[in-house]
Amino acid sequence: MKLLDIKNLRVYYFSEEGVVKAVDGVSLSLNKGETLGVVGESGCGKSTLGLSVLRLVPYPGKMVSGKIFYNGIDLLSLSDEEVRKLRGKEIAMIFQNPDVSLNPIMNIKEHLVEAILTHEEIDEREAVEKTEEILGKVGIPKNRINDYPHQFSGGMKQRIMIALALLLNPKLIIADEPTSSLDVLIQAKTLELLRNLKEEYGLSLILITHDFGVVFEESDRIAVMYAGHIIEIAKNTELYDKPLHPYTQALIKAVPTVTPEEQKLNYILGMPPSLLTPPKGCRFYARCKYAREICKFKEPKTATVGREHIVKCHLY
Amino acid sequence: MSSKSSGLLFYIVSRILLIIPMLLILLTLIFIILRVLPGDPVYFIVSPQAGEHIIEQTRHELGLDRPIWEQYVSYLMGVFRGDLGKSYITKDNVWSIIGRHLPITIELATCGLFVAAFLGISFGTFAAYKSKSWFGVFNTILSTIAYTMPVFWFGMILQILFAIQFRVLPATGILDTSLSITRITGLPALDALITGNMRAFVDHVARLILPSITLGFFISGNINRMTHSNVLKALNEDYVRAARARGIKERVILFKYALKNSLIPVITLLGMNFARMLSGSVLTETVFSIPGMGSLLVNSIFRRDYPLVQGIIVVYALLISIVTLIIDIIYAYIDPRIRL
Amino acid sequence: MEDIITTINVKKYFPIKMNFLQYLITRKREYIKAVDGISFSLRKGETFTLVGESGSGKSTIGKLLIKSLELTDGKMIFEGKDITRVKGNELKALRRKMQIVFQDPYSSLNPTMKIGDTIERPLKIHKICQKRKIKEKALEMLENIGLSPAEDFYEKYPWQLSGGQRQRVAIARAIIICPEFVVLDEPVSMIDVSLRTLILDLLIKLKQQYDLTYLFITHDLAIASYISNTIATMYLGKIIELGSKKEVLASPKHPYTKALLSAVPIPNPKMKRKKIIPKGEIPNPINPPTGCRFHPRCNYAEEICGKKEPELVEVSKDHKVACHLC
Chain A
0 MKLLDIKNLR VYYFSEEGVV KAVDGVSLSL NKGETLGVVG ESGCGKSTLG
50 LSVLRLVPYP GKMVSGKIFY NGIDLLSLSD EEVRKLRGKE IAMIFQNPDV
100 SLNPIMNIKE HLVEAILTHE EIDEREAVEK TEEILGKVGI PKNRINDYPH
150 QFSGGMKQRI MIALALLLNP KLIIADEPTS SLDVLIQAKT LELLRNLKEE
200 YGLSLILITH DFGVVFEESD RIAVMYAGHI IEIAKNTELY DKPLHPYTQA
250 LIKAVPTVTP EEQKLNYILG MPPSLLTPPK GCRFYARCKY AREICKFKEP
300 KTATVGREHI VKCHLY
Chain B
0 MSSKSSGLLF YIVSRILLII PMLLILLTLI FIILRVLPGD PVYFIVSPQA
50 GEHIIEQTRH ELGLDRPIWE QYVSYLMGVF RGDLGKSYIT KDNVWSIIGR
100 HLPITIELAT CGLFVAAFLG ISFGTFAAYK SKSWFGVFNT ILSTIAYTMP
150 VFWFGMILQI LFAIQFRVLP ATGILDTSLS ITRITGLPAL DALITGNMRA
200 FVDHVARLIL PSITLGFFIS GNINRMTHSN VLKALNEDYV RAARARGIKE
250 RVILFKYALK NSLIPVITLL GMNFARMLSG SVLTETVFSI PGMGSLLVNS
300 IFRRDYPLVQ GIIVVYALLI SIVTLIIDII YAYIDPRIRL
Chain C
0 MEDIITTINV KKYFPIKMNF LQYLITRKRE YIKAVDGISF SLRKGETFTL
50 VGESGSGKST IGKLLIKSLE LTDGKMIFEG KDITRVKGNE LKALRRKMQI
100 VFQDPYSSLN PTMKIGDTIE RPLKIHKICQ KRKIKEKALE MLENIGLSPA
150 EDFYEKYPWQ LSGGQRQRVA IARAIIICPE FVVLDEPVSM IDVSLRTLIL
200 DLLIKLKQQY DLTYLFITHD LAIASYISNT IATMYLGKII ELGSKKEVLA
250 SPKHPYTKAL LSAVPIPNPK MKRKKIIPKG EIPNPINPPT GCRFHPRCNY
300 AEEICGKKEP ELVEVSKDHK VACHLC
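Residue numbers (numbering that gives the first Met the number 0), protein chains in the order written: chain A, 0 to 315; chain B, 0 to 339; chain C, 0 to 325.
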C-alpha cells in the first residue's frame with residue numbers, strides 16, 4: 000500500500016534572475032514501512048522535494064503542477080489550516096542543522112510541550128509526562144528537560160529534533176540530511192537511533208542525503224536525483240549491482256571507501272546545468288560519456304526495467 | 000544558575016565603578032566648554048551698567064575671581080561629596096531645582112518611550128510579516144520620515160493641526176493656570192491621582208498627548224526599522240521553518256518565535272535611544288513650553304548658570320548609565336545564551 | 000626519506016575569556032587545551048593525514064605548523080632549523096615555503112578580485128619572478144589545474160565559478176610560489192561528491208609536479224584512505240595512533256580508531272559490519288579526563304587507564320599507538 004504518491008510534481012522558484020526549475024516533473028512513491036533514500040548533489044532539488052510534501056517551500060517558490068497524495072488525500076487541494084494540522088501529527092520533518100533548528104530562547108520542555116498542545120487536547124501535566132517519556136527514548140536525561148538548546152551538543156540537539164518529530168506518532172518522517180553536520184561517531188549513533196525508532200513506531204521514512212554511504216546503509220529503495228529530475232529508482236542492492244543511468248554508474252565509482260588497498264576512483268567532469276535554463280534534452284547530456292544525438296534534443300522518458308527499476312535515459 | 004547570578008553581580012559592580020571615570024571626564028569637558036563659551040555670568044545677575052565694585056563684589060560672591068584650576072578642584076570635590084552647588088541666578092540649591100524639573104521630564108520620556116515602543120514594534124512587526132505587500136513599502140517611508148524629521152518642526156505641525164486648527168488638544172504647558180496640583184511625589188499625573196484631583200489629572204494628561212507623540216514618533220523610526228529587519232530575519236531562521244514543520248500556528252510563530260527573538264536587540268536599542276530621547280525632550284519641552292529638565296537646561300545655558308548646567312549634565316549622565324545598565328541586565332535575563 | 004618538519008611536545012592552550020573582576024576574585028585562568036603535547040614528523044614528499052572529530056585539535060595543529068598561531072609550549076623544526084620563535088624577515092621567508100588551503104572556497108577567495116589577480120598576488124608579495132613573466136605563470140597555472148581556456152578564467156570573478164573551480168583556484172594560489180609544505184584543511188568537504196575525486200587527484204598530481212609535502216586534515220576516513228601515506232588519529236588534543244595508511248586501516252590498534260573506522264558508512268549494501276560506538280561524547284577540553292583521555296568512553300578500560308597517561312609507542316614497524324592495552 001502506498002503511503003505517499005507524488006505525481007509529476009513541478010516546483011519552481013520565481014526569483015529575480017528568472018524561474019529556477021528546482022523540481023521539474025518528479026514522480027515518486029513510498030510504501031508503508033519503507034525507507035526511501037533520495038540521493039543527489041547540492042542544488043539537485045532534493046531538499047525542495049522534501050519541503051513540498053509538507054507544503055513548506057519558501058517564497059519565491061511555488062508548486063506549479065502535479066499532485067501529492069498522502070494516504071489517498073491530495074495534499075495540494077487542502078487549505079493552509081488543514082495542512083498545518085497534518086504537519087507534525089501525520090508527517091514530521093527532521094532538518095540538517097540541529098544547531099539552528101531549535102528556538103534559542105525556549106527550553107527543551109517548552110518546545111515539546113508546545114508541539115503536543117498544538118495538536119492534542121490534553122492538559123499540561125500529561126504533556127510533560129509524554130515529553131519525558133520521548134526524551135528518555137532518544138537518550139536525553141530527565142534532569143535536562145529545562146535546559147536551553149545552547150547547553151546541548153550537536154548530537155544531542157539532533158536527538159531532541161528526532162524526539163520532536165516522533166512526539167505525535169506521525170506515520171511519515173522526512174529527514175533532510177539529518178546527520179551531515181554531525182561527526183562520524185555521532186552520525187552512526189543518530190542513524191541507529193532513527194532506525195530503531197522507525198521499527199518501534201512503524202514509521203515510513205524519506206531520507207534525503209548527498210552521502211552514498213548513508214543512503215546505501217539505511218535505505219530499502221533509492222531514488223537518484225540530478226538537476227531537478229529523478230533519473231533512477233531501484234531497490235538498494237539492485238542499484239548497487241546494476242546501476243543503469245550513466246550518472247549513477249559514474250557516481251558510485253566516484254565515492255571513496257575506507258580500505259587499506261589502493262582505490263581507483265572516477266569523477267564526472269563538468270557541472271550540473273543551471274536550473275534557470277535547463278537543457279531541452281537529457282540534463283546529464285553534457286557530462287555523459289554515452290551521449291548520443293537524441294539525448295541533446297529530447298528529454299528521455301522514464302522506463303521501467305526489470306522489477307521496480309525505473310530509469311530516465313535514452314539508453315533504455 | 001548560581002554562576003550566572005554571581006557573574007551578573009561582577010558585571011554590575013564593574014559597570015558602576017566605570018561610571019566614576021566617565022563622570023570625571025564629562026565634568027571636565029563641560030567645565031572647559033562653559034568657560035570657553037563667550038559671555039560672563041556676572042552680567043546675567045547685575046546690569047553691565049552697574050558700578051565697578053558691585054560687579055566685582057558679585058564676582059567674588061560667586062567665586063569667579065579665583066583661579067580657574069581652583070574653581071575646578073573645588074567644584075569636583077563638591078560633586079563627589081554630593082554637592083552640586085547653588086544656582087547663580089536664584090541662589091537655590093541645584094539638587095532642589097533639578098528635583099522640581101526632573102519628574103516632569105521623566106513623565107514625558109516614559110510616555111514618549113511607550114509611544115515609540117508601541118509604534119515602532121507594532122508597525123515593524125506587521126511590516127515584516129506583510130513584507131511583500133504595500134504596507135512594507137509604506138512602513139519604510141514612514142520610519143524614514145520619523146527618523147529624519149526635525150522634532151521641533153513635527154511638534155509645531157501637531158500644535159497647528161490639533162490645537163489651532165481643530166482645537167481638540169491644548170497647545171502648551173503642563174497645567175491650566177486655573178488649576179494646581181499638590182506636590183507629593185513630584186510626578187504631576189501621579190500626584191493628581193493621589194490627591195483625587197481629577198480635573199487637574201485630565202487637563203494634565205491632555206497636555207501630555209502631543210508632546211509624547213512628538214517625542215515617541217521621533218524615536219519610533221529607529222525601533223521600527225530594527226524590529227522590521229529583525230523579525231524578517233527571524234522569520235527566515237531554520238528554527239522557524241522547523242516550527243512550521245511541527246504544525247505550530249502562524250500566530251505563535253510570529254510572536255513567540257520571530258518577535259520575541261527580535262525583541263532582544265530592540266530592547267538594547269531602546270536603551271541606547273534613551274540618550275536620544277533626552278536630547279529630543281529638550282526640543283519637545285521648548286516647543287511645548289514644558290517646565291522639565293530640557294527647558295531648564297536651555298535656560299541655564301543662556302544665562303551662563305554654570306553650576307546648574309553642570310548639575311543637569313551630571314544627572315543626565317547618571318540617568319543614561321543607570322538605564323543602559325538596567326537594559327543590559329534585562330537582556331541577560333531574556334536571553335538564556337548570555338552569561339555576563 | 001628525510002623529515003621536513005618535526006614537532007616535539009607541541010602544546011596550544013587558548014585562554015578562556017574572563018571578566019577582569021572575575022579574574023581578580025578567582026585568580027585562576029582557565030584554558031582550552033586544544034593541542035596538548037604532540038610529537039610527530041612529516042617525511043619529505045608524503046601526505047600525512049590527521050583524522051579526528053571536531054574539537055580534536057586537528058585544525059589547530061595545521062595553523063601551528065604554518066606559524067599562523069604561536070605555540071604555547073614545545074618545539075618545531077623545519078628543514079633542520081628550529082622555527083619555534085621565528086620572527087620578522089625570517090618568518091616571511093618561511094611563509095613562502097608553507098601554505099594553507101582552507102575548507103570553504105566561498106569565503107577564502109576575495110570576491111572583488113579577479114581570478115588572475117588572486118593567483119598572481121602571492122607571486123608579487125614574495126617577489127618570486129620577473130614582472131613580465133607573472134601573467135604567463137598564472138595562465139600556465141590555471142591551465143595546469145584544469146581551468147581552461149585559461150585566458151577566460153583569468154578575467155573571471157569568484158562568483159562566476161562553481162565551488163569545485165573556486166577550490167582549485169585556492170589550491171593554485173597556495174602552490175604557485177612553489178612552497179615546500181602545504182596544509183590542506185578539509186579541502187574537499189564542501190565539494191560535491193562527483194567532483195571530490197577530481198580535486199583529490201589534482202592534489203596528488205600537483206604534489207608530484209612541485210615536489211610537495213602535505214598535511215591533510217579531514218574528518219572523513221574514506222578520503223583519508225584515498226589520499227594518505229601516513230594517518231594519525233587525534234582525540235582531545237592528543238595523537239592516539241599514528242602509522243602508515245596500510246597499518247592503521249588494515250590493523251587499527253586503538254579502540255577509538257577502531258570505533259571511527261567501524262562507524263564510517265560504506266557505500267556497498269553487501270558489506271555489513273558491526274559498528275562499535277563508544278558511549279558518550281567527546282568531553283570538555285578544559286578539564287580533560289586523567290590518564291588516557293579516552294578511558295571514560297572506552298569499552299576495554301582498566302584501572303591503569305584512568306591513572307597513567309599512555310605514551311605513543313611503536314607496536315610494529317611504522318605503527319605507533321598510545322594505549323596501555325596494545
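Rather than coming from a laboratory, the hints here were simulated on the basis of the structure. Heads up, a few of these hints could be off.
[As the list claims (entries may be wrong)] Taking lysine-lysine and the DSSO-like style, the derived pairs with C-alpha atoms no more than 30 angstroms apart in a straight line are:
id, chain 1, residue 1, chain 2, residue 2
1, C, K269, A, K1
2, A, K141, C, K274
3, A, K66, B, K248
4, A, K6, A, K295
5, C, K257, C, K278
6, B, K129, A, K61
7, A, K141, B, K255
8, A, K197, C, K278
9, C, K43, C, K206
10, A, K84, B, K259
11, A, K88, B, K232
12, C, K204, C, K316
13, A, K263, C, K278
14, A, K252, A, K297
task: Would you mind confirming whether the straight-line C-alpha gap from K257/C to K278/C stays at or under 30 angstroms?
output: Judged against 30 angstroms, a Cα distance of about 14 angstroms means the pair holds.
message: K204/C and K316/C were given as a pair; does the straight-line alpha-carbon distance stay at or below 30 angstroms?
response: Answer holds: K204/C to K316/C is near 28 angstroms, not above 30 angstroms.
- prompt: Are K129/B and K61/A close enough, with their CA atoms no more than 30 angstroms apart?
  reply: Between K129/B and K61/A the Cα gap is close to 18 angstroms, so the pair holds against 30 angstroms.
field: 30 angstroms Cα cutoff - pair K263/A, K278/C
entry: Measuring from Cα to Cα gives roughly 35 angstroms; hence the hint is violated.
message: Hint check: K66/A vs K248/B, CA-CA at most 30 angstroms. Holds or violated?
response: Distance of about 25 angstroms is within 30 angstroms: holds.
Distance restraint between K269/C and K1/A, which requires alpha-carbon spacing of 30 angstroms or less: OK: K269/C and K1/A at ~27 angstroms, within 30 angstroms.
message: Hinted pair, alpha-carbon criterion (30 angstroms max): K88/A, K232/B. Please report holds or violated.
response: 27 angstroms, holds
query: Holds or violated: are the alpha carbons of K197/A and K278/C at most 30 angstroms from each other?
result: 22 angstroms, holds
message: Just to be careful, I want the Cα atoms of K43/C and K206/C compared with a cutoff of 30 angstroms; is the pair within it?
response: 11 angstroms, holds
message: Given the hinted pair K141/A and K274/C, is their Cα-Cα distance within 30 angstroms?
response: Given pair K141/A, K274/C holds - Cα atoms ~27 angstroms apart, limit 30 angstroms.
query: Between K6/A and K295/A, is the straight-line Cα distance small enough, at 30 angstroms or below?
result: The given pair, whose Cα atoms are some 25 angstroms apart, holds under the 30 angstroms limit.
K252/A paired with K297/A [C-alpha distance capped at 30 angstroms]: At roughly 27 angstroms apart (the allowed maximum being 30 angstroms), K297/A and K252/A satisfy the hint.
Figure legend: structure checked against the earlier numbered hints; the only hint not met is number 13.
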